[in-house]
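Engineer: Chains as they are written, first to last, in the working numbering: chain Z, 804 to 1364; chain Y, 804 to 1364; chain H, 9 to 292; chain X, 9 to 292.
Note that these hints are calculated values from the structure, not bench results. Hints may contain errors.
[Claimed, not checked] Below, in silico cross-link-like pairs of lysine-lysine (DSSO-like), each with a Cα-Cα straight-line distance of 30 Å or less:
1) K211/H / K169/X
2) K169/H / K260/X
3) K182/X / K211/X
4) K169/X / K1225/Y
5) K1033/Y / K260/X
6) K953/Z / K290/H
7) K1225/Y / K11/X
8) K148/H / K211/X
9) K148/H / K290/X
10) K148/H / K169/X
11) K148/H / K948/Y
12) K189/X / K148/X
13) K276/X / K1033/Y
14) K1033/Y / K134/H
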Amino acid sequence: MARKTVNVMIGGEAGQGLVTIGNVLAKALVHAGYEIVVSQDYMSRVRGGHNTFVIRAAVQAIQAPEEGLDLLVALNQETLELHGWELKPGALVVADRGLTCGQAACFSVPYQDLTEGRYINTVALGVAACLLGLSQETVGKALEKQLGKKSQEVADKNADALQKAYAFCQERAPEFAALEPAPAQGERIMLGGNEAIGLGALAAGLKFLSFYPMTPATSVALTVIAAAQKMGVVAEQAEDEIAAINMALGASYAGAPAMVCTSGGGYALMTEGLSLAGITETPLVLVIAQRPGPATGLPTRTEQGDLDFALYGGHGEFPRAIFAPGDLNQCFQLTVKAFHLAENFQSPVFVLTDQYLADSYRGIKPFGLDGVQPVQAGDPQAADQGWDYERYALSPSGVSPRAIPGAGSSLVLSDSDEHDNKGHITELAMVRLAQHEKRLSKLDGLREEVIAPQFGGPESAETLLVSWGSSLGAVAEAAQRLNGQGRQTATCHFSQVWPLKPEQFLPRFEKAGRVVMVEMNAGGQLARLIRRETGFQVHGLINRYDGRPFTPDYILQKLAG
Amino acid sequence: MARKTVNVMIGGEAGQGLVTIGNVLAKALVHAGYEIVVSQDYMSRVRGGHNTFVIRAAVQAIQAPEEGLDLLVALNQETLELHGWELKPGALVVADRGLTCGQAACFSVPYQDLTEGRYINTVALGVAACLLGLSQETVGKALEKQLGKKSQEVADKNADALQKAYAFCQERAPEFAALEPAPAQGERIMLGGNEAIGLGALAAGLKFLSFYPMTPATSVALTVIAAAQKMGVVAEQAEDEIAAINMALGASYAGAPAMVCTSGGGYALMTEGLSLAGITETPLVLVIAQRPGPATGLPTRTEQGDLDFALYGGHGEFPRAIFAPGDLNQCFQLTVKAFHLAENFQSPVFVLTDQYLADSYRGIKPFGLDGVQPVQAGDPQAADQGWDYERYALSPSGVSPRAIPGAGSSLVLSDSDEHDNKGHITELAMVRLAQHEKRLSKLDGLREEVIAPQFGGPESAETLLVSWGSSLGAVAEAAQRLNGQGRQTATCHFSQVWPLKPEQFLPRFEKAGRVVMVEMNAGGQLARLIRRETGFQVHGLINRYDGRPFTPDYILQKLAG
Amino acid sequence: MVKMEDYGDFETAWCPGCGNFGIRAALIQALTESGLAPHEIVLVSGIGQAAKMPHYLRCNGFNGLHGRSVPAATGIALANHGVKVIVNSGDGCNYGEGGNHFLAALRRNIDITLLVHDNQIYGLTKGQASPTSQQGMVTKAQPEGQRSRAFNPVATAVANKVSFVARGFAGDQKQLAGLIKEAIAHKGFSLVDIMQPCVSFNKVNTWAWYKERCQPLPADHDPADWHAALRQADKFGDAIPTGVIYKNEERKPFSDHFEILARGPLFKQGTDYGALQEIMGKYA
Amino acid sequence: MVKMEDYGDFETAWCPGCGNFGIRAALIQALTESGLAPHEIVLVSGIGQAAKMPHYLRCNGFNGLHGRSVPAATGIALANHGVKVIVNSGDGCNYGEGGNHFLAALRRNIDITLLVHDNQIYGLTKGQASPTSQQGMVTKAQPEGQRSRAFNPVATAVANKVSFVARGFAGDQKQLAGLIKEAIAHKGFSLVDIMQPCVSFNKVNTWAWYKERCQPLPADHDPADWHAALRQADKFGDAIPTGVIYKNEERKPFSDHFEILARGPLFKQGTDYGALQEIMGKYA
Ligand SMILES: Cc1ncc(C[n+]2csc(CCOP(=O)(O)OP(=O)(O)O)c2C)c(N)n1
Ligand SMILES: Cc1ncc(C[n+]2csc(CCOP(=O)(O)OP(=O)(O)O)c2C)c(N)n1
Ligand code: SF4
Ligand code: SF4
Ligand SMILES: [Mg+2]
Ligand SMILES: [Mg+2]
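Same shape as in the complex, but just chain Z (with noise of 0.2 Å):
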C-alpha cells in the first residue's frame, strides 16, 4: 500500500555530503509534484559533528516539520545512535553494511561493493529515491542539475551509481511503502526563506546590499550576489556591520534602494546606525535572521529571541515597521512592501526571519511578477530646486520630498544632529519639536498600511492560537489536527508585528475562550506587545526556546500538558 507523506532524515557529519543528498532528494520530490517542508539541524562547524537533513514530504499541502520518522537514510552510527528512537513503528533504515541497526528494520546497502568512495552518495540518495518510489529519471535529472557541469566521466559514474542503487534496491529492499503518486502540478521552484526574501528585494528594485557573514542571515546575501551582475546591484562585503549600515545609508541617500541582512549579534552592531536612520529619514530594509542568544549562542539553530530588540534597537525615538514572514511567499512579498514602506516613510523596516525559515526549502509556484513595482527612489519633483529645496520640509504626513544629491540642482543636505528644515543642525527647542514630531507622525501612516493579522478556523473556536513569524505552519497544522479531532481551534498570525492595530484582532481575542501565544522565545514576546498595546493578557504561552523549531506534534502535548 501506497503512503500519502513520508518523513526522511537525511544523517551524518558535516563533509559527509548529506545536504547535497537532501537537496536532490528533495528537488526530485518537488519536480514529481510533491509538497515539502525541509528542515536543517547543523553544528557551528564545517567537518564532523552531527548534522540532519529531514525532508517531509507529502501528496497534500503540509506547512511544517514533523516528529517521527519513516524513513532514516544514515550515513554514520552516530546516526543510529541519535535518532533511532524517533523512529515510527514501520520505519525503514538505510544504512551501510558496515552500520549496526540494533532494534530498527534494517537495509542494509554494501556500498563499497556498488560503488567507489565518491560516489556512495550517489547510490544512498539512489535507494532512498527508489523507497520513496521516485522514477531513477526524475533522481538523475535532480542530481545533474545539482551537479551543474562537471566531466563527463564523473557525470556518467553518477549515473552509473544510480543505476546501481536502483537495481539492489529493487531487487532487496525490504517492504516499505512509497509514496502515492503526486497530483499533476505546474512550473515549481524549490528554494528557502532566505532565497526568498533574496528574491523579493531584488523585485522591489534592491540597488545596493551591504553585509557582514552571519550565520543565518548569509544566504540572503549569497542570493543577491548570484543575481548582482544581471539584476544591476551593488553588493559589498563590509568589514563590519556598523559599516555594513552606514555604507548601506550612504548608498541609500544617494538614491540606491538599499538593504543590510544580519543576525541578532550584527544588528546591535547596527543599532546606532539604524538610529541614524531614523533621524536623516533615510529608508533601509533591515532583514535580521535570528539565531538563539545571547550573545554567540547556538549560531546555527533558530529562534524568536529579538522581536524586542528590532522594536527598541537604537537610541532616541523614531519610527519603524516590522514584518515576519510565516513562509515562503510572505518572505517575498513582505520583503517587496518592506522596500515600499521604508521608501514612502524614509524609514527603517524590518524583515524578521530565522534559522528554521531561512533554511527550509519547500517547492512552491515560482512568485508571480505581476503587479510588482520596483521602489522609485526619492521625489522627481524634488530634483531641481537648487539650494532652496529642504530635504526635512514639515508636512501633514511628516514624510518629505526626497531628492537624490547629484540627480538635479536639488543641493541635499542629510544629518544625524537635530536639524531644521534644510538638515542644518538646530539647537532650538521649536524647531527640534516641529521636526520630532513630523519623524514620529510617520508612524500613523505606517499604521495605515499595516497587514492585518491572519486568522483561520472556526470564528467560535474556544481556542485560539496565536503565533507570528516562521512558526505559522506549525501552528495551522496543530489547529487543524485538533479541529479533525472535534476540538474546535481557530489561529492568528502577524506577519506584521509592528505597528500594530488592535482593531484588527482585540475583537476576535476578546471573543475567544482561551488565547494562546505560541512564540519560540523564552519572554512570550510578542504576547508582552500585545498587552502593552492593548491591555489584552494571554491566557497561555506556548514556547520554545532550545534552538529547534515548533512541530505540531509538540505544539499539541505542550498544550495538553
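Dock chains Y, H and X with the ligands against the given chain Z, drawing on the hints supplied.
Structural biologist: Frame of chain Z, contents of chains Y, H and X with the ligands only:
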C-alpha cells in the same frame, strides 16, 4: 525686605567663562548654607553660541529648576534678547555698561573701568554675589578654591576685582532684595549627578573603568580618573565603545569590579557586549547619561528617551536591572547598589541618568560611607578546585560560585556560545535549556531586591503624579504647590525601573482617581512598560522632548491645559 | 564657471583662531579651481568639530555618525560614482572610532577623498587624547599623560600601499588647496592628513609648533618610491614633511570593479524583470 | 614541572588536515617550555574556527565575541597582570571585525600575545573573503573575485613600530613554538601572524602553496632595523619570510604606566575609604 528664594541666570557665549562664575557663585551659596539647584544649558560647541547657567537658591529645601528669573547676569547682548522675557516683576539685570537692557531694570556695571579684561568675570561674579547678600569673604574663598594654585599675582588681582565689585555694588546698586540668611548647616559639598555616580562607583569598590568620551557621560569618567591613583582604579579611554565594554568585561572576568559610562549612541555600540555579559554572566555596571536622539540629536541637552533601549538592548534574552536616580543621593546610593547587584547576580546593571541631572549641581551633606561595603569580586570558596571547577554550575538561584582566573587553581572558562557547566561550547538542547533557564531565573532574585517606588503626598489624593529618574524634584515641587492650593496630589517616583514589582505600586495606582505619568520622552516609555507588566493604563501623560528638563511650572501648566 | 561664492558664506561654531577655517578656505579654493559645482559633490562627515564642515559649504552633505563617515561615503560613492565624494572629519573620528573603516578604505581603494582635520585631540568633547595625540600629552582624561604611542596614519597608509596620501597644514592654504585639488582629481582613494591647530584644547601642538615643523617635502622626493615614502611618513618630530608622500598608480579605483556601474549611477538603473524571471528559473 | 599533558586532550571541531592543529601543538609546546601552568595563563578568543582554541586547552579561557578578543584581553591583562594573556583568533576576527582594536593594541603596547590564525579566509562562516584574502580570490560571496587588496598586518604593525611582530607557519611547528615562546616572554604587545591552511575553503593558499613560500628570514636580518623589517614585511609573494620581523625595545609595556599595578592585580586591592572621604572633601 529679604527674600527666601532667588533664581539667577548667567548667560553668554561658550568660552566667556560663565560656567566658572556660575560654579563659584553656586559654591558660595552652598557655603553660606543655602540650598541650590543648578541647571546648565549649553550648545554643542566650544566657543561662541549661547549658553546659560541657572542657579535657583533658597533658604529651605528645593528640588528642581524653576522658570522666571530674579537676577540675570548678562555677559552679552544676546543673553538680554533671548532671556529678557523670562524676567519676573522686580527682577534685575546685571550688564556691562555697553549693553542695552530695554524694558528691564538694569544695573549697568562699567567693567572696563573697574578692572582689566581678564578679571571682568570676577567683577560680574562679585556684583551678583553682593546683590544676593553673600559676604565678600565667602565668595572670595570660593573663588580661590576654584582657581586653585595660580600665581600670587593672579590671586591678588582677583581679590582686587572682587573688592572693586563689592564696593561698586554697595555704592550704586539699585534696590534688590537679598536672600535671608540661611540656617547653619554642617559640612556640605557641591557636585552634580555624574560626580555622585563616580563617587558611588568608587565607594562600591570599582577597580576598572573603560569609556569613550561622550557628552553628557564624560564627567562620570573624569570623576573616577581624578581619583584613580588614590583609589587604585585602572581607568582607560578606549578606542571606541565596543572596546570599552569588552575591556570592562575582560577586567570583570578577571576580578575587577568594572563600569562603563556612555550616552545612547555609545550604548548602541555596546549592546552586543551587553549580550556577552548576559551569557557569560559577567558582572558589569553601565551608566547611560541620556540625551535627546535619534542619533546625534541634541548632544548637550536632556531626555529620558532610552528606557526601552536599556531594557531590550542586546540580542537574546537575559536578566538585568535598571536604576534611575532622581537626585544626588540616589545617584550615589544606587550606583553602590548597582555594583552589588551586578556581582551578586553576575549580570549587567544599568544606572540611567540624563544630561539635566548630570550637570545639575546641588549642595548636600557628604555621602555617608558607614555601612558601604566594597564589592567582593568572585567567591573565594570557588578558587581552588582546579579543573573540577564549574563556572556555570546549576543552582536554585541561577547564580554559580564565581572563581577568578589566576586567583587559585580553579580554571575558569567563560564562553559567548551556549555552554555546559564548565563553560564549554555545547549544542545540546537539554544543556541549552538548563543554562538558559538558570540565567533567566536570576531575574527572580533581582526582583526580590527591587527598590520600591517612593510615594509622597496624601494616600487618598485624587491625582497621582508618577515619574522616574531625574524628574523627581520637579514633580515633587509641582505636587507640593498643588497641595498648597488645596488640590490633593500624591506622587510616585521610580528610582528603579526594572524589574518591576507590581504589588509595590499597583494597589495605589488602582486607588487613585487619575494617574498621570510624567516623562521626558515622546512615547511614555515607563507608562507603556507598566501597562505591559500590569495591564494598568495611566490616565494621562505629561511629556517633554525638546531637550529641556521639567520644571514645576511646566508640569502644572500641562496638568491644567 | 564655478565661483567661490557659490559655496556660500556661513556663520560657524568653531572657535576664533581654529585651524578649521584655513581648511575650509583651502577646500573651497580647491573645489572652485577644480571646476566642481556644489551639486556635483557630496561632503560627508562624522561628528566632531571638523565634521561640522558640511554645514559650512553650500553643497550636498551627509553629516552622519561619529567615526562612520568613511562607510557612508563608500556607499554614496558606489551608488553614485558621478558625484565627487569628499570626507571631512577629525582624527578621533577617522583613526579612533572609525579606525576599522580607515583600514578598509585603504584596502578597497574606494573612490573618495578623505580630509582628516588632524588636531591630535578630541575637540568637540573638550579635549581628551586622540589616537594621534603625542604620548605623554596631559589632558583632563589623561592627567598622567597619554599612555599610548601616537598612531601614524600616513605610515599606515603607505605600508598598505594606499593609492594617494599627502600631508598638509591648515596654516599653508596655498599648498593645502593644491593637495586637496590633486587628491580630488586622483582616481581611487586619496588621503590628506591635515595638521590643524586646536587653539582651545591642544596646548602642545600649537600654531607655532606646527609652523616651526611643517615643511614641504624635498624637491627630489619620489612619491612612487615606497621606501622613500615610508622614510618621510616616519618623520614627525623636529620636522613634519608636507606634500604628496606616496602615490601608487597600480591600483584600480574600487568602482571600476563593478561592471554594472559603467551603465551609470545606480539610481538611474531600472529593474529587469525578465532577468529576474530567469534567475528564479534557476531554482526549478 | 609543567607537562604537555597538563593542557589536556580534547576532541576538536576542526576539519581533519586543518592548520589549526599545528598551531595548537606549537602553542602547548611553547607554554610548557615556558614553564607556564594552565592556571597561570588566560586564553582569549573571539568567534571563528581559530577562536575555538580555549576549548581545546585545559586552562583559563575567555571566548568572547567575534572581533573583540583584543579588548577583552586588554581588560584581563590590566586587571590581572600576574597572568599571561594569549589571544588566539582568526584573520577575520582581528583584521576584519576587530581591525580597530588591532590598531589600538599597536598603539597601547598592551601586554598580551596575539596569535592570529591567518588562513586568509572566513572559515567558520564557510568561506567568504577575509581582509587578508588575496585580491581576485573567488568565493561564493566574491564570485567575480575579491576586489580589495589584501591587508598587510605585519607591515602595518611595523609601520606603527610595534614592540614585537613575527610571522609563523602552522606547518613548521618547531619554529612556530619558538616564536610563540619568544612572543610570550616579550614584555608588551607581541603579534605572531601565522600562515594557516584552511583545507575546506581556501583552495588558493594551500599547504603546498605555503610550504613552497614560507622560509626563515635571512640569518642576518636585524629585527631592530625598521627599514629592513618593512622590506621583509612587504614580502608576500614567491617568498614569505618567517621569524621575528621586528622588535622595538624602546617601548614600555602598557601596564607599566599604571603605578597602582605595582601593588598587585586589581582583584587583590582593597577600597580605601579614608582616601575616598578625602576625595569627597575636595567637592566642599
Ligand atoms: C558613538 C559616539 N561616541 C562618542 C561621541 C562623542 N564625540 C563627539 S565628537 C568626538 C570626538 C571628536 O574628535 P575628532 O574626531 O578628533 O574631531 P574634532 O572635534 O577634534 O574636530 C566624540 C568622542 C559620539 N558622538 N558618538
Ligand atoms: C558580530 C558578528 N558578526 C559576524 C559573525 C559571524 N562570524 C563568525 S566567525 C566569522 C568569521 C571567521 O573568520 P576568521 O576570524 O578568519 O576565523 P576562522 O574561522 O577563519 O578561523 C564570522 C563572520 C559573528 N559571530 N558575530
Ligand atoms: S575646540 Fe579646537 S578644533 Fe574645535 S573649533 Fe575650537 S579650536 Fe577648533
Ligand atoms: S574550515 Fe578551514 S579553518 Fe575551519 S576547521 Fe576547517 S580547515 Fe580549519
Ligand atoms: Mg580632533
Ligand atoms: Mg580566517
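Engineer: Please go over all the hints and tell whether each is borne out by the structure.
Structural biologist: Hint check results:
1. K211/H / K169/X: Since the Cα atoms of K211/H and K169/X sit roughly 26 Å apart, the hinted pair holds (cutoff 30 Å).
2. K169/H / K260/X: Holds, because 29 Å separates the two Cα atoms, which is no more than 30 Å.
3. K182/X / K211/X: holds, 25 Å
4. K169/X / K1225/Y: violated, 40 Å
5. K1033/Y / K260/X: holds, 23 Å
6. K953/Z / K290/H: holds, 17 Å
7. K1225/Y / K11/X: holds, 22 Å
8. K148/H / K211/X: Given pair K148/H, K211/X is violated - Cα atoms ~52 Å apart, limit 30 Å.
9. K148/H / K290/X: OK: K148/H and K290/X at ~16 Å, within 30 Å.
10. K148/H / K169/X: Holds, at about 27 Å.
11. K148/H / K948/Y: Holds. K148/H to K948/Y sits at ~18 Å (cutoff 30 Å).
12. K189/X / K148/X: violated, 38 Å
13. K276/X / K1033/Y: holds, 15 Å
14. K1033/Y / K134/H: With a Cα-Cα distance of about 25 Å, the restraint between K1033/Y and K134/H holds, given a limit of 30 Å.
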